[in-house]
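A.B. asks: On the provided structure of chain A, position chain B as indicated by the hints.
2 protein chains.
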Amino acid sequence: MFEPPVQRLIDEFARLPGVGQKSAQRLAFHLLNAEDADARRLADAIIEMKASVRLCRRCFNVTAEDECSICLDARRDPAIVCVVERAQDIPVIERTQEFRGRYHVLGGAISPIAGIGPETLRMKELVDRVETEGITEIIAATNPTVEGDTTALYIARLLKPLGVRVSRLASGLPVGGDLDYADEITLGRALAGRKEL
Amino acid sequence: MFEPPVQRLIDEFARLPGVGQKSAQRLAFHLLNAEDADARRLADAIIEMKASVRLCRRCFNVTAEDECSICLDARRDPAIVCVVERAQDIPVIERTQEFRGRYHVLGGAISPIAGIGPETLRMKELVDRVETEGITEIIAATNPTVEGDTTALYIARLLKPLGVRVSRLASGLPVGGDLDYADEITLGRALAGRKEL
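So the protein lines, in turn, are chains A and B.
Residue numbers for the first sequence follow this note's numbering, so the first one is 1 and each next one is one higher.
Residue numbers for the second sequence follow this note's numbering, so the first one is 1 and each next one is one higher.
Same shape as in the complex, but just chain A (with noise of 0.2 angstroms):
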């Protein structure tokens, strides 16, 4: 066993997902032989990011304010919304430059196995939105998972009878990718979503 403040640190990391015990305690001794003002910084980032970061009331999105700097955003289109499952995916569609509408977070997808129905995800808030904001469609944007389909499936056929129109992200080859090394189930749907050039 370590020096008990050590032990703890290690404990602590080792809380975090993806963390196990070996790296914990790689991360604890790195942190032991940095300067004192370096791990002062991992510190303080925690507890500064807990203390300003809330959820956008709106989207769910991450922000400082009351509402997220991309609902504030007058430029944007209030009538499109991208549904996400988590707020880390809004800023990897924001560096595609192609989305100029809103945000709404689900907070995770559809999955069975997990115990996760629509009613621990954000659907209820979804609806609303549809209902309040004037929205007129909605780009399901989950991940190309099964998880992910079965929740867009499901943001269809809750929304569709409101009225608003709901698509999904296209699933097929990656850009610069290879024939070759593309999976079967990818292939599949990259051939039955072929466009006519």
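Simulated from the structure, these hints should not be mistaken for lab results.
Hints are not guaranteed to be accurate.
Heads up, the list lumps identical chains together, so a pair's fine if it works in one copy or across two of them.
Listed next, the in silico DMTMM-like pairs over lysine to aspartate or glutamate satisfying Cα-Cα at most 20 angstroms (straight line) [what the hints assert, rightly or not]:
hint, residue 1, residue 2
1, Lys22, Asp89
2, Lys124, Asp149
3, Lys22, Glu85
4, Lys124, Glu48
5, Lys160, Asp149
6, Lys22, Glu94
7, Lys195, Glu184
8, Lys160, Glu131
C.D. replies: Showing chain B alone in chain A's frame:
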């Protein structure tokens, strides 16, 4: 880009060894969604460890006091010293319950490629201890790597003239291992170090 407080935490996590940009994001968002108390406990553990932990003035093990609990333990034999590269190697050796002497933490191993020479390690402090503490045997428990072997040889050349025995941890097949899976260098050492039954 993420909100500044989130990005700052991602950057701090990404500075840690073995944590890439993606893992840093995952960790930051995990803490974002975690309970305030959980995030706070991690930050406190970092601050508390930096505040309370220092290096034993004798052996450079991690300690909350002036000397570490091993050096202070009167039942341990001060004449035998096990030399390790890093403080985190000490609990590993302690767990074997085969060693009842003291330790000496070098702070690394000699590596010309990484620019680590004997003068950057705690060799002078080791010589001082041999000259003043009545040490009769040194066990070089550096890692079984080129750097660890070089360091062990250096220690032997440095300390044998002072009249102490210097030994090295045995290399060979790991117990419970399978011949089939042993690499040829380990197997070669196991042959060279064979013991008559």
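A.B. asks: So, for every hint listed, does it hold in this structure?
C.D. replies: Here's how the hints hold up against the structure:
In the homo-oligomer, the alpha carbons of Lys22 and Asp89 lie at most 20 angstroms apart only across protomers (12 angstroms), although the nearest pairing inside one protomer, at 29 angstroms, exceeds that limit. Taking the closest pair of Cα atoms, Lys124 and Asp149 come within 20 angstroms of each other only inside a single copy of the chain (19 angstroms); across copies the shortest separation is 64 angstroms, beyond that limit. For the identical chains of this complex, Lys22 and Glu85 are inter-copy neighbours only, at 17 angstroms across copies versus 31 angstroms inside a copy, given an alpha-carbon limit of 20 angstroms. In this assembly of identical chains, the alpha carbons of Lys124 and Glu48 never lie at most 20 angstroms apart, being 31 angstroms within a copy and 43 angstroms across copies at closest.
Taking the shortest alpha-carbon separations for Lys160 and Asp149, only the intra-copy value of 16 angstroms comes in at or below 20 angstroms, while the best inter-copy value is 70 angstroms. Only between protomers do Lys22 and Glu94 lie at most 20 angstroms apart by alpha-carbon distance; the minimum there is 17 angstroms, versus 36 angstroms within a single protomer. In this assembly of identical chains, the alpha carbons of Lys195 and Glu184 lie at most 20 angstroms apart only when taken from the same copy (19 angstroms versus 55 angstroms across copies). In this assembly of identical chains, Lys160 and Glu131 lie within 20 angstroms of each other by CA distance solely inside one copy; the values are 12 angstroms within and 84 angstroms between copies.
When the structure is compared with the earlier hints, a violation turns up for hint 4 alone.
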